[in-house]
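Enquirer: Sequence:
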Amino acid sequence: MENLLYCTINVFCVMILVIVLRKLYVSVDKRMNKIMLTWFIIAAIILCLSDTLWGIVDFTNSWVARPVWSVIANMSYHMFTGVVSCLWFIYSESEQHSKSVTTKVGIVLSILPMVMLVFLVGCSAKTGWIFRIDDNGMYHRGDYYLVLTTTCYLYMITTSVKALIKSFMKKHFLERQHYRSLFAFCLVPAAAGVLQVLFVGSPMLSAGIAFAALQVYMNTTEQVVSVDPMTQLNNRAQLERHLYQKMKSRNDNKELILFIMDLDYFKKINDTYGHVEGDEAIIIAADVIKRAVAKSNFFACRYGGDEFVVVAETPKDYKPKEFIEELNNGLLEVVKAKEKPYTLHFSVGYKRYDESIEDVPAFIAKADEGLYHIKNARPKFKDIL
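Numbers in this note's numbering are just positions in the sequence shown, counted from 1, shifted up by 1257.
Hints listed in this document are in silico derivations from the structure and should not be mistaken for laboratory results.
Only true hints are included.
List of simulated lysine-lysine pairs, BS3-like, C-alpha gap at most 30 Å:
1) Lys1593 - Lys1361
2) Lys1419 - Lys1595
3) Lys1552 - Lys1505
Quick list of simulated restraints, FRET-style, between CB atoms:
4) Lys1505 - Leu1369: 49 to 55 Å
5) Ser1613 - Ile1276: 47 to 53 Å
6) Met1395 - Phe1425: 45 to 51 Å
Remember, predicted model here, so these are calculated numbers, not experimental data.
Note that beta-carbon positions come from the ideal geometry of N, C-alpha and C, so glycine has one too.
Construct the complete structure from the given sequences, taking the supplied hints into account.
Expert: Dropping the structure here:
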């Protein structure tokens, strides 16, 4: 009965992971981090299937081939425990834009512990380093079993702690919730892994990984709904929700200012250098905005195309023009550092909230009027190339 329950739990975990895998497979998002998440799910499915096979083998006490299949099941299970940990590390690091997965040397160093672990597990059939199976098909931990658990935990803890630290940094203010979700991933599998080490014969790790994978998928789906995929800024829907809330619960000691901006002569960059370079210009603009708003916890979003919006709750004596100058000086510095063959400059309109503004569209329209006047006042032609 216990073995039947063991296998049933693992099959249930496989079903959850297959559903998540199918959703990822049909997704149009094919960036590296989503590809690594897909491979992580595939490895987790193999891990759970290996654990299921072990449960079946353990149930068949009279099976002549039991020792052989027990070796196969445990070898696969232990190998993919390391593979799953490594793939999660790479996925989490790519989500954090870490250098450890953006260079060849970083990738090699990242997978080296996993390769070493796979080698030790592969040799265990003869050496018993990680595990050994006796003549009756019974499982026993090897002398170097601690290497397996330590390596897996180091993968998860290292990247999770980094994510937690980054979530408290001002420069990562806009991504703080995402970084905290990356940190939270390790909590359930880590606890489940400890329980499985302490209580041999329980499928806690499979359940923990399936739960965490589902949690990560739900977080990434929520992020797609609320975050612009190119710039990682909030999207238009989030702006409307945030602005409505701020207008509804006003702070009488502060002012609410809405900035709306776009890049000057952006179409000329697209026409001359192509849309790939145009996308790069938008990403540069978004990064400059992120740095500027992180200092004051302003809300920033990509409104569409090359348009951006910032919602600022400020002291009464706040000077909007200083913020605009900071943005444009930031653009100049980044463009110069990246040695781009063009210049970038924001035209910015803004509007202070007052009681005559009835709703969110009216507030945006008032700020947009200011942007319209600014753009009309600029030179009709400008040599930006």
